[in-house]
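**Student:** Listed here are the chains, written in short residue letters.
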Amino acid sequence: MDGREAISIAVRSVRAHKLRSALTVIGIVIGIASVVTFATFGASVQAEIVGDIGDSNAGNIYVFGTPAEDEGFDRVFQPVFTASDVSALGQIEGVNAVIPRGVLQISSVQAGNQTLARQQITTTTPESITPDSVVSGTTFTSGNDEVVVNERMASAFSENLTAGSTLTIVRSDGTAQPVTVTGVINGTRGELPISDFARQPRIYAPIDPFHESIVESPSAGVRQRAFPQVTVVTDPREITAAKTAISDYLRTDSDARQLSATDTELVARSGSDFVDEISDVIQQITRFVTGIGVISLVVGAIGIANVMLVSVTERTREIGIMKAVGARNRDVMGIFVIEAALLGTLGSLLGVPLGLLVGVLAADYAAVTFALAVDWIVLAVIVGILVGILAGLYPAWRAARIDPIDALRHE
Amino acid sequence: MSEPTTTAAAADTTATDGTVVVDAVSKHYTVGEEVTALDKVSLTLEEGSYTAIMGPSGSGKSTLLNLIGGLDTPSAGTVTVAGEDVSTAGEDERAAIRGTTIGFVFQTFNLMPRLSAIENVALPLVFDGWSKADRQERAIELLADVGLADRTEHVPSELSGGQRQRVAIARALAPDPALILADEPTGNVDTETGSAILDIFDELHARGNTLLLVTHERHVAERADRIIHVEDGEIHSIESLTGEA
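Those protein sequences? They're chains A and B, same order as listed. Take the first sequence: its position 397, counting from 1, is numbered 397 in this note's numbering, and each next residue is one higher. Take the second sequence: its position 18, counting from 1, is numbered 18 in this note's numbering, and each next residue is one higher.
Among these hints, one or two may not hold up.
As the list claims (entries may be wrong) - For the chain A half of the interface with chain B, some residues (derived, Cβ under 10 Å), not all of them:
#1 Ser8
#2 Met322
#3 Asn329
#4 Arg330
#5 Arg398
#6 Pro404
What the hints assert, rightly or not - Computed Cβ-Cβ distance ranges for the label pairs, DEER-style:
#7 A:Asp406 to B:Ala206: 33 to 41 Å
#8 A:Ile7 to B:Asp150: 24 to 32 Å
#9 B:Thr36 to A:Leu19: 29 to 37 Å
Derived from the structure by calculation, the hints contain no laboratory data. Think of the CB as a built atom: it goes at the ideal place given N, C-alpha and C, for glycine as much as any other residue.
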């Protein structure tokens, strides 16, 4: 018999028991949906991070402290990287620039008659602001009482900040200092690739004169500015070698090593390291959720097998009729396997959009751009169909073995 | 008592050109103890003949029909239908024989409940690998022959008993079988409808089809050329009715 006819018979049988079929495929739907949800959500997060790191940041190496033996995202942001470290890093082969970053604790900022409470502003070098990130105005100049703000900050005041606006920084001790806004930017170079930070309203000020963390450099023996995080910009072609050299320096000769707690590890991470790190976490979550998905699929398979066994019993007489008019065992088997496969397919087809929908909602909730994981979706559909077929094999085999005489007598 | 049986069997076994040749067929079942449903039965159905089998329930007439129809295999002896040995054929072969060489008509119609009349009639052709267009054409033609041209899209539950049985007859005729087997075809319909169904069988007979009908009603059996009386798994007597004509 041709496949189309078998499919048509299977479709009819599924249609004849809509509720039963629907309840049966719920397990498959949940299994497929959970896998698809996390595959797409994971892909979205990953795409977002890769996008953040991007080509322009391909040569960036982020230097910071992390608690030893920690696999997660814990960071130790203590001002341990001294000016000596910054210049030493700058001497390493393949390094184009070293961008130290620190924070200045403040209590609020004022513009016009409006005061906004702010905890901190970022101190960095003018090099961290590349021309293409400047929306209007220019970057600040070292040594001047100047700042730049990002677009969110610019619009935080009822009267938008523009180049030339005056902003008053109120420090924790209450002293107020007027500064000039030289420009509005949409991001800085050397920012750690955790996207959310860039979207916060931020103020950037030159290290000189704003950076206040000062320690005595063990190597130089004088008091120097010290930074909690440094980004080294390298030639992307030499990033691997540069990273090794930076790691070596951090481990041995650096002030940062001596100034850090013994259980703090100083690390140099490239953008792709971040991607790998986050991918690992996503993979772990995906594995866990896939596990749940697999359990659902197994439950779903048992459900399908159960319903197919009931269906075989109910249709014993029909099987007898088919055999009496020439159906071979494999024809009967085919009809039931196709019916089970149809249930599996139905589960997949309902599960994929449901999974995608939840994936979209999750991506929206996590504020990442939704990305499709096509390979996972294809895999999920194939798995759904296979689960149906596997679940249907035994009932179909039972159906095929039914004796036509007994079947025709069956009430 | 056994005299006609012996002669009939002897005459039949020599006739090898018959549509159906049943040669010394026995069937034993083991239901707790061994039961002999048929004991060395031999008979021949000539092409174009119309034969009725009569006998009380449990006599073995249904077993005989199942063996000839390839639904069952004999414990001993051979059954040949249209030159094909049904008794030694494998399961797939027997399925093919059932689908192409034999047409079944059952007491309880045995139509597929979710298939329309046209699809029920076309069902044997599905398993025989006919194209959809050819199946359709054939089924419409056969339904028209049995007077159901206006009922092609109805499912069995929308048809009367007589209509259902006519669909079943059309289905039996679909593969143009060498033999039509009918098991109490009038058993589930009223007398008038039953008579109309028997008229169809008469017409099939007139057109040269080979018919074998099992019944326990004398007036039904009398429509045939001859009546084979089966009792206790043996042919008790053969009654020829052609002489009347």
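**Student:** Would you mind marking each hint as holding or not holding in the structure?
**Tutor:** Hint check:
no.: 1; hint: Ser8; result: holds (9 Å)
no.: 2; hint: Met322; result: holds (7 Å)
no.: 3; hint: Asn329; result: holds (6 Å)
no.: 4; hint: Arg330; result: holds (8 Å)
no.: 5; hint: Arg398; result: violated (15 Å)
no.: 6; hint: Pro404; result: holds (5 Å)
no.: 7; hint: A:Asp406 to B:Ala206: 33 to 41 Å; result: holds (36 Å)
no.: 8; hint: A:Ile7 to B:Asp150: 24 to 32 Å; result: holds (29 Å)
no.: 9; hint: B:Thr36 to A:Leu19: 29 to 37 Å; result: violated (49 Å)
Going through the hint list in order, the structure does not satisfy hints 5, 9.
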